[in-house]
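Colleague: The listed protein sequences correspond, in order, to chains A and B. The opening position of the first sequence corresponds to residue 324 in the working numbering, with each subsequent residue numbered one higher. The opening position of the second sequence corresponds to residue 10 in the working numbering, with each subsequent residue numbered one higher.
If you're looking for bench data, these hints aren't it; they were derived computationally from the structure. The beta-carbon is built from N, C-alpha and C at its ideal position, and this holds for glycine as well. Incorrect hints may have been included.
A short list of chain A residues far from chain B (calculated; beta carbon distances all over 12 Å) [to be verified]:
1. L387
2. Q505
3. I542
4. E739
Label pairs and their in silico Cβ distance ranges [what the hints assert, rightly or not]:
5. B:E378 with A:K441: 48 to 54 Å
6. A:E550 with B:E309: 31 to 37 Å
7. B:E283 with A:E546: 48 to 54 Å
8. A:V689 with B:E309: 38 to 44 Å
9. A:E546 with B:E197: 18 to 24 Å
10. A:E550 with B:T124: 30 to 36 Å
11. A:S549 with B:R91: 41 to 47 Å
12. B:E309 with A:Q711: 42 to 48 Å
13. A:I640 with B:D150: 53 to 59 Å
14. A:Q622 with B:L313: 24 to 30 Å
15. A:D539 with B:R213: 26 to 32 Å
16. B:W130 with A:A647: 38 to 44 Å
17. A:Q622 with B:R94: 52 to 58 Å
18. A:P719 with B:E197: 55 to 61 Å
Read off the chains here:
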Amino acid sequence: MDTLLTAEIAANSPRYRRRSSTFIDGVHDVQDDQAPVLAPAQLYSTMSGRLFHSGRIAIVLVGLPARGKTHISVSLSRYLQWLGVKTRVFHLGDYRRATMGSENDVPEDYFFINASAKSVLLRQKILKKCRDDIYDWLNHENGQVAIYDAVNPLAAGRESLAKEFLKHDVQTLFLESWVDDQSILEENARSVKISSPDFKGMNPDDAAKLYLKRIDMKIPHFETMSEKKLNWIRMINAGAMLEYNNVNFGYLSHRIVFYLMNLHIKSRRTFFARAGTSEKTDYYQADASLGEEGNAYAQKMADTLIEHRQAERAALIASGGSEAPLKPLAVWTSTRKRTVQTADAFLERGYTVRQRSQMSQLHPGVCEKLSENAIRRIYPEEVVKHQQDPYHHRYPRAESYHDLAVRLEPIILELEREQNDLLIIAHESVLRVLYGYLMACNAMSIPTLKFPRNQIIEIIPASYQNEAKLIEIRDLDPAMIPGSPEDIRLPVAPPSGMVSPMSGIGTPAMGLSTPSEPADLPARAKPTIVVKEEHPLSKD
Amino acid sequence: MELARPSKKTNGVGVQVGDTMICVVMVGLPARGKSLIAQKAQRYLKWLSIDAKVFNVGNYRRKGAAQPTADFFDVNNSEGERMRRAAAEAAVDDMMKWFKEGGGIIAILDATNSTKSRRRWIKERCDKENIETLFVESKCDDEDLIMSNILEVKTTSPDYVGQDPEAAAQDFRNRIRNYEKVYETIDEEEKNLTYLKIMDVGSRVIINQIQDYLQSRVVYYLMNLHIKRRSIWLSRHGESMYNVTGQIGGDAELSPRGEQYARKLPELVRESFEGQEHPLTVWTSTLKRTIATARHLPQEWNQLQWKALDELDSGVCDNMTYAEIKTEYPDDFKARDDDKYNYRYRGGESYRDVVIRLEPIIMELERSENILIVTHQAILRCIYAYFMKEDQERSPWLNVPLHCLIKLTPRAYGTEKVVYKANIDAVSTWRGKGSTAKHEDPTDETASLAKLGDGHVEFDAPAVSSDEDASAFSTTPSLDDIKVEVTSEFHRFPAHYLGEGRHRLPRKWLQPEK
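Please build the complete structure, drawing on both the sequences and the hints.
Modeller: So, in structure tokens, the structure goes:
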């Protein structure tokens, strides 16, 4: 039954897949119910799979195109899944493309109130498919939050939608993105929409304006939310202001508002880099300074990143893109010396650096000064437990990755609210968790992510999903690239039977992909984050 | 180009999160529940180990004018105006001092702050010291709610001690009218302020220009609050077989005496209604002993089982007695006594961990009205600490006797507590520092959730009188006694603390949730 339903979803919405690799944003992964795994920041689990006694909720997006609805849907889904709330986004656009074929445009009168009978029928057919999938998922797959990503422009339509959901015992929460700030609109239109061939060769600003004008013509009737009897949240101008109408908000609705307070809809990039190495072996408590090589690394890393950003801008301009200046780059480090000193290379070049105490690395506990062999000898039973669950297991006095994920909550929300491009220089354990959040990794795969020193990871938000890219730092001493002395050498092999993220099973269905989904990503990213196939203890 | 500076509001520059200082500025007419909100926010933040303090302008004003009549608040009364302005300045001065010297994180300025010019003045003062401002306006035009608030709280204010309540209520209504004349709600013109505007008792809310995570966290809490009067009932499960044998944790059945308590509980709850019958929502943990304890309560009452209300996970020590723990894990036993709040059982939890997992419970409690919670000793200690402002040193050592029902009623200036005893014998599960006794009697000094006899009323703190517009209970000490609470025992931030614990495998927790 479930398989059939999933097949239906997969057929209709190419975003969803059984299991993706860790190199691809997992926000659209279909979780395998047979092997329930706690989400990275989940505090407890329940038999039904639903949390907080919040019942089942349909979050219905409201807003014209280019208002960041898809981005909001996907980001919210990412956050709720991180907390362990079973969430899935249903993009109506996917269903439209699946029904009509990606080549065909919607009929001109598709969104009109007085649309032709043919358009109305088409509209209803698409809507029905999407809603059936929503109900199936909520009823048969223990889903808790269904995010329905569509325009929903009319008050009457919204009211009947809420009624329909209520009939299925599903609460409705409308979420409108309202933008009247022209500069935000144009930026959105420029960054996501004008890759279409219609705008080829046009000046990006003109293309953006034309695109927005077309929206107004295509969807001439739009009523902003003012319904007193419905639950709704309105995000105004990319989150500058939030407004909500609370008829019967539950815990989750308030939690969603909390998240939205930190979300914006502007597009920006996140970079991850390791700190340089210290001269002598660094212990957690010693908090050593950078060595000579570490300093050299810091300089090279800074040069590489700055060059990369400038090259990207040049390439964009060359391909007819915007000539807007680069977004400012902010740098965050932990309060540990090596991260702070690595960032000095940016400080010297005039960038702003901010230290954040919550970003200190996974506490190694008793493992701090022990070799792996010693850990095996002294704590054999802990090693076994760790292998069973490397994400939740704590060595004596140490933190688990789960502890770290819960502790990083303020950072994750600050990460969402940051509007500048952002470089995070931190310990590998922190990078793993933050990458795990942004790319919606399965909890079990987080401890195995690798961030070699010769690579800067760049995460680019596309509207459907985040994309990871890597930037190579050339001419580094090979000795400093892999695990550094300060790493906790804990055995982190995935438990047997787990699908390796390397296998590439279930990568997105190609046939229906849209332009925003680079098909070559897995191949490109493969060398980036290499999962240790051999037992790490074997190469002490 | 590349060197363009990130703007301040996006967190790109400036202070670290640990150094963030926020002044929460209450805005609203009298009798809108501002003081209640301010007190709750302070309590919540402290519970999360974030140092917070309320600065109440009314307290400063009363030093100069103890029992002013409504005329004092007339905009045309220049003497009154001057004194109120002086009180505001004194409060803000003290607040600045507290930020600077006391290492404060979040100050709550509790006053009407009803004009744009007053708000601008506060913002300028805070901007100068690099303190963020978050304005919180509670706007309510429900006349019934205002009048009930006046009658319940305001007429017992120190401003009206010894006066006829009817006359006091009338005077207070007049005082509000004086404020209404000059009251300016936060509007479009102030769109550059960071603010939370709560309208119609939380049904309409506007959140503007949130600057950072900590502000969003405060707003998140505030929007869950309501100011309607309600009570929370707390009870442990009836005596369990493990209680009898002195074992901790586990999922034991009730003892015969525990069963007796379960049967008596409905009667005890009815007694606590004091004539006013109304249904309660019952929350239990997912463990047998709490579910069994709640099972004789009226069928029509809604019952929810929360995983988050399960007892503190004692990890490897689950099912052991304290004597066994001391023998098997002597270091752990000592470490726990040294810092019980932060000690994490090997493979289990600390009190600090429990506080994190209780977050949804606290938010849900704040949103709900009358709730009866049947849960466990450690969980009750944490919930009780939240309502009664017990600090982290004390809360893990509180005596929570079996077989009694505690009714807490949050009021504007404190939480009212009434204890109802079932008079059914039970073992004591309290344990003093260092002790391994199976059943130990608490000493006279032991802080207890249920020290008072039946029907006695106690408040969590000396009821400190409050703001310009507000008041306190009749039990308020005389005006000279107004104390400013200083809190230094709290960490600046939830410390990233590592207990003595070893590991914690995710338990396959099962919660039959609907």
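Colleague: Kindly indicate which numbered hints from before are broken by the structure, ordering the numbers from low to high.
Modeller: Hint check: 4, 8, 14 fail, others pass.
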